[in-house]
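J.: Please model the complete structure; the sequences and the hints are all you need to start from.
Listed here are the chains, written in short residue letters.
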Amino acid sequence: MVLVILRRIVVFATTVVVASIVTFLLLAILPGNAARIALGVQATEADVAAQATAMGLDRPPIVRYLDWIGHVLVGDFGTSTVSRQPIGPDIADALGITVILVLTSVVLALLFAIPFGILTAVRQRGPDGAILSGISQIGVAVPGFLAGLLLVTLFAVTLRWLPAGGWVDPADDFGGFIEHLILPAIALGSVQGAVLSRYVRSAVLDVMRDDFMRTARAKGLGTARALFRHGLRNAAVPVMTVLDLQIATLLIGAVVIERVFSIPGLGSLLLDKVALRDLPAVQGIVLVLVVFVLVLNFLVDLAFTVIDPRLRSAS
Amino acid sequence: MRAPTRRTILASITATLIASLALVGCSTGTASTDGEPDTTLTVGLLATPGNLDYTTTAGAAIPQALLYNVYEGLVKLDNDGTIISLLAKSWTVSDDGLVYDFVLNEGVTFSDGSPFTADSVKFSLERVKDNWTANGPAYLDPIASIEAITDTDARITLSIPSNGWLFNMTGPVGTMFTEAGIADLATAPVGTGPYTVRSFKTGDSLVLAASANYWGEAPYLTDVTLRYFTDATAQTNALLSGDINLISGISQFQLVDQFKSNSDYQVLEGASTGEVTLSINNASDAFSDVRVRQAVMYAIDRQAVMDTVSSGYGLLIGSMVPPTDPWYDAELADLYPYDPAQATDLLAAAGMSDLTVAFKIPNLPYAVAGAQVVKAQLAEVGINAEVTALEFPAVWLDEVFADHDYDLSLIMHSEPRDVSVFAAPTYYAGYDSPAVMAKFAAADAADPAAYVALMKEATRTMAEEASANWLYLQPAISLADADLLGVPKNTPSLALDLSTIAR
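Sequences listed follow chains A and B, in order. Quick note on numbering: my numbering labels position 236 of the first sequence as 236, and the sequence is numbered without any gaps. In my numbering, each number is its position in the second sequence, counted from 1, plus 1000.
Treat the hints with caution; some may be incorrect.
[Said to hold, decoys possible] Here are the simulated distance ranges between beta carbons: (1) 1109(B) x 12(A): 55 to 65 Å; (2) 137(A) x 1303(B): 44 to 54 Å; (3) 1159(B) x 17(A): 50 to 60 Å; (4) 1153(B) x 29(A): 52 to 62 Å; (5) 92(A) x 1432(B): 50 to 60 Å; (6) 1481(B) x 172(A): 52 to 62 Å; (7) 1159(B) x 74(A): 50 to 60 Å; (8) 29(A) x 1369(B): 48 to 58 Å.
[Said to hold, decoys possible] Every beta carbon over 10 Å from chain A, so not counted as near; a handful from chain B, in silico: (9) 1079; (10) 1099; (11) 1144; (12) 1146; (13) 1155; (14) 1233; (15) 1259; (16) 1323; (17) 1344.
None of these hints come from the bench; they were simulated from the model. Ideal Cβ placement from N, Cα and C applies to all residues, glycine included.
T.: Shown next as structure tokens:
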């Protein structure tokens, strides 16, 4: 068990270092001059060159990389070349928003997928099961941004029940926070919920065919009780694997959903900063995203070992 | 034993549904307006400021939010494009056009409480040359000296007479600062304007609050939130759902019609200073011959481009000058009628059949849509334009604007009174006409009547020599709640002037 965790930590650290180098190199070769963007169309070549020096853009890449990563290791993400403010707090704010959005949509997806998936599995041969299965298939096919636009058109523009976008800090106004969270979380979670329900369905179907289920029922348990007492824990492992993969997808999906709903999360921040060639900020955000996904994967791996004792040995 | 199964599962689904419906049920309440007038406003805008310092950061977003609202200058531009007094009560000009005597308003303070005097004028304008890196510090080059004669009398002496500089004083470079208030321009602006910045979050919102100690007439609106969108549909949806009250300068014109038929909203159509331009690299091998450029003029059906890109909103101008400028010449719009046969003849005369050119456009919706129409029309006369969409601003600025590595481009020039800028030989258009530049210089130094005539002449020469194909003038369309009064219709300056808006 300890060995498993140690090995995971080494892999984790190596991945972060490689990711930081790749991020840095990709941004270093990106066309576009940050100094010229800052000064605009009226600046002369001499102005642009002076600005580049002031921004430290004329130093060799290796010096810039070491300078950057050295500061990041002590928690200093540097100063934005655009806002001229420390980047760390901006990233922290935006990450908080994205995490709330992603986790809420994961919860919504699970709340939908688990009962729905079990129901479609249990009712597999009935006409209702087939209809429900069809519904989830439609959910899989609708992209998140389209779901977002449809939700906005119905609930914000036509019914005016909910705001069309924006974000309210829960500390400022909790009711407003919930109102602003509902539509984007549903839009982001709906596709994942539909996908997940398909996996729940097949996992439950697999489990129901297992020998231990037949044994459980032979002992006198009904389908439902056998499923709840013995089946679901076994069905959870493949579902968790998919969920783990989906969280990375959700982060990417959040970039689009944040755009549709004008939410100032990490995705919006990243796109804004890329457009402005605010390289220190872009590097910081990408690194945080990478670490975030890796940490989640790490936690899911740990969760496996809790759910399934068979995975506890270092095989 | 099957019944409990179904019941349990159905129960959990029902619980989920009820929970989500209950959440959906929390409808958005609008601010109560019982009796009390609603003095709040939320405006939806597209370009977000990266910071709040327009002395060192380019782009129209910062002046749009802060100029005339947080910051003020001696003079301002009203919505019709006329120069009017602001911090200067009045001014006189010497007969030789070199000495400007400004009488300043009394009792003016900055939002930090420090007084505004002639010393502030001297401090602010002298700072431009040394400390400004963006928004045109060169606009104040004609200034030779600034004197604070008394607290309320400031004298500015020019080295050469200049008709343009007072106009430029209405823009960002004319802003008045206090020495105590420049420590943190990027986040904490201090001006004499009717509003102060309460909070700012880049990419999200900028909140303005009425200044407690404003020297002039207090504005009607006390709390104004500028909300920034990246998507025009999200912006109009926010207006339709009541999240915002005003969209100033919509960018996607196909979204306008739904508001025209809705009595809850008003649609205001005004003039902008944005010339949507098919830029021609006059210095490139393909276009150094004036006949080839003229062929591009005859080859393009500008009305068709405008119909496609802006749903027919806008104005055909044929030059770099909008109708709000005194030297606007309406005849130039008809200088080159759509005539593909003429274009083919000109190309043949220039020996340029089967011409292939690099058409590098910014990856902005209007440019992408416009480039398709232009490409098709150029193909009709035998010009093969290879379209490349470059990321804007980063890559377009580098490749097209700085390196002049292009033959054709398509971009809107939104700066006010930028015709002489466009003619500069070092500009990306590569148009090199000493005669035109001499005329612009003479115009700037001439008396007001000759000024307009000379500007007109230079503008006409630029059009005749086909230095660019000015496709149309971008319409300034604002969408607002029906109960809003005094919404600025035109955009003659960079500023979104909130002081006239009421309910």
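J.: Now, for every hint given, state plainly whether the structure supports it.
T.: Here's how the hints hold up against the structure:
no.	hint	result
1	1109(B) x 12(A): 55 to 65 Å	holds (57 Å)
2	137(A) x 1303(B): 44 to 54 Å	holds (47 Å)
3	1159(B) x 17(A): 50 to 60 Å	holds (59 Å)
4	1153(B) x 29(A): 52 to 62 Å	holds (57 Å)
5	92(A) x 1432(B): 50 to 60 Å	holds (52 Å)
6	1481(B) x 172(A): 52 to 62 Å	violated (24 Å)
7	1159(B) x 74(A): 50 to 60 Å	holds (53 Å)
8	29(A) x 1369(B): 48 to 58 Å	violated (30 Å)
9	1079	holds (25 Å)
10	1099	holds (27 Å)
11	1144	holds (22 Å)
12	1146	holds (22 Å)
13	1155	holds (28 Å)
14	1233	violated (7 Å)
15	1259	holds (12 Å)
16	1323	holds (24 Å)
17	1344	holds (35 Å)
In summary, the structure is inconsistent with hints 6, 8 and 14 from the numbered list given earlier, while agreeing with the others.
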